[in-house]
Amino acid sequence: KAGVTQTPRYLIKTRGQQVTLSCSPISGHRSVSWYQQTPGQGLQFLFEYFSETQRNKGNFPGRFSGRQFSNSRSEMNVSTLELGDSALYLCASSGSQGGTEAFFGQGTRLTVV
Amino acid sequence: GQQVMQIPQYQHVQEGEDFTTYCNSSTTLSNIQWYKQRPGGHPVFLIQLVKSGEVKKQKRLTFQFGEAKKNSSLHITATQTTDVGTYFCAGRSNTGKLIFGQGTTLQVKP
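Protein sequence lines correspond, in order, to chains X and Z.
Read left to right, the first sequence gives residues 1 to 113 (the working numbering).
Read left to right, the second sequence gives residues 1 to 110 (the working numbering).
The hints are simulated quantities; they were obtained by calculation from the structure and are not laboratory data.
Built from N, CA and C at the ideal position, the CB exists for glycine as well.
Fair warning: there could be bad hints in the mix.
Claimed, not checked - In silico contact screen, one side only, chain X against chain Z (beta carbon under 10 Å); selected entries:
1) Gln41
2) Glu48
3) Gly58
4) Glu101
5) Gly107
Unchecked claim - Here are the simulated EDC-like pairs of lysine to aspartate or glutamate, each with C-alpha atoms no more than 20 Å apart in a straight line:
6) Z:Lys97 <-> X:Glu75
7) Z:Lys109 <-> Z:Asp83
8) Z:Lys59 <-> Z:Glu17
9) Z:Lys97 <-> X:Glu52
10) X:Lys57 <-> X:Glu101
11) X:Lys13 <-> X:Glu75
12) Z:Lys97 <-> X:Glu101
13) Z:Lys57 <-> Z:Glu67
14) Z:Lys56 <-> X:Glu101
15) Z:Lys36 <-> X:Glu101
16) Z:Lys51 <-> X:Glu101
17) Z:Lys70 <-> Z:Glu54
18) Z:Lys57 <-> X:Glu101
19) Z:Lys57 <-> Z:Glu17
Based on the sequences and whatever the hints tell you, model everything.
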């Protein structure tokens with residue numbers, strides 16, 4: 001069974017630009033969550049989608065948005081990028097909402113210059 | 001909002017010494033999970049605890065869930081260099097949100 005796939009793996013953007021990150025969950029998984037990881041801050045929860053609906057949302061500004069498609073693939077968008085948005089963005093899928101273990105992708109390393 | 005605090009942030013031990021990381025939540029959790037992230041890697045699930053006072057062991061790793069389901073600990077006996085990495089606890093709230101602690105980064109000197 002293929003794992004969680006995130007694309008692209010690395011990205012360099014300029015302040016003010018917008019970016020879209022993609023996540024393909026494990027086949028059959030319907031829950032996808034997004035996290036921002038920065039040194040010293042751990043994993044900050046962004047949002048969770050289940051069956052195309054946003055079920056939970058973290059404390060991030062409205063510049064951060066996401067969506068989930070009918071095939072459970074998810075995208076995350078960040079508009080008007082700031083230097084502080086530089087981070088590793090991790091996507092995790094699980095078999096059910098509020099289910100057991102989360103399977104993480106390798107992440108997308110975003111650098112804003 | 002709900003917070004999960006984890007201490008210490010860093011721990012350096014000599015190979016063979018024990019290691020413990022602690023996790024505390026501001027609210028009661030439905031369950032708690034533990035993950036390990038190796039340098040340059042992504043978090044990998046270790047275990048889930050659900051019951052109040054639950055204790056689970058995986059070889060040299062012992063996981064505990066507090067009686068009030070608000071705290072947890074991970075203890076590693078006789079650390080090895082392969083234990084190096086960052087250990088995260090993650091609490092599942094009653095809304096289903098999985099909230100991670102800041103993590104404890106373990107360095108093991110051979």
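Hints and how they fare:
Using the Cβ-Cβ criterion of 10 Å, the hint placing Gln41 (chain X) at the interface with chain Z is satisfied: the shortest such distance is roughly 7 Å. Annotation: Glu48 (chain X) was flagged as interfacial toward chain Z, and the flag holds, the nearest CB pair being 7 Å apart, inside 10 Å. Here the hint on Gly58 (chain X) is kept, as its CB sits about 8 Å from the closest CB of chain Z, short of 10 Å. The interface hint given for Glu101 (chain X) is met, as the beta carbon of that residue sits about 4 Å from the closest beta carbon of chain Z, less than 10 Å.
The criterion of a C-beta within 10 Å of any C-beta in chain Z is met by Gly107 (chain X), whose closest approach is roughly 6 Å, and the hint holds. As the CA atoms of Lys97 (chain Z) and Glu75 (chain X) are separated by approximately 19 Å, the hinted pair is consistent with the 20 Å bound. As the CA atoms of Lys109 (chain Z) and Asp83 (chain Z) are separated by approximately 11 Å, the hinted pair is consistent with the 20 Å bound. Only pairs whose Cα atoms come within 20 Å are accepted, and Lys59 (chain Z) paired with Glu17 (chain Z) is accepted, the gap being roughly 15 Å.
Proposed proximity of Lys97 (chain Z) and Glu52 (chain X) is supported: the alpha carbons are some 16 Å apart, at most 20 Å. For the hint pairing Lys57 (chain X) with Glu101 (chain X), the CA-to-CA distance comes to about 19 Å; that is within 20 Å, so the pair holds. At roughly 17 Å between alpha-carbon atoms, Lys13 (chain X) and Glu75 (chain X) fall within 20 Å of each other, so this suggested pair holds. For the hint pairing Lys97 (chain Z) with Glu101 (chain X), the CA-to-CA distance comes to about 13 Å; that is within 20 Å, so the pair holds.
Restraint check for Lys57 (chain Z) and Glu67 (chain Z): satisfied, since their Cα atoms lie roughly 17 Å apart, inside the 20 Å limit. Of the pairs offered as hints, the one joining Lys56 (chain Z) and Glu101 (chain X) holds, with about 16 Å between alpha carbons and a cut-off of 20 Å not exceeded. Only pairs whose Cα atoms come within 20 Å are accepted, and Lys36 (chain Z) paired with Glu101 (chain X) is accepted, the gap being roughly 12 Å. Restraint check for Lys51 (chain Z) and Glu101 (chain X): satisfied, since their Cα atoms lie roughly 16 Å apart, inside the 20 Å limit.
For a cut-off of 20 Å, the pair hint linking Lys70 (chain Z) to Glu54 (chain Z) stands: about 12 Å separates their Cα positions. About 17 Å separates the Cα atoms of Lys57 (chain Z) and Glu101 (chain X), which keeps this hinted pair within 20 Å; it holds. This hinted pair checks out: Lys57 (chain Z) and Glu17 (chain Z) have alpha carbons roughly 18 Å apart, not beyond 20 Å.
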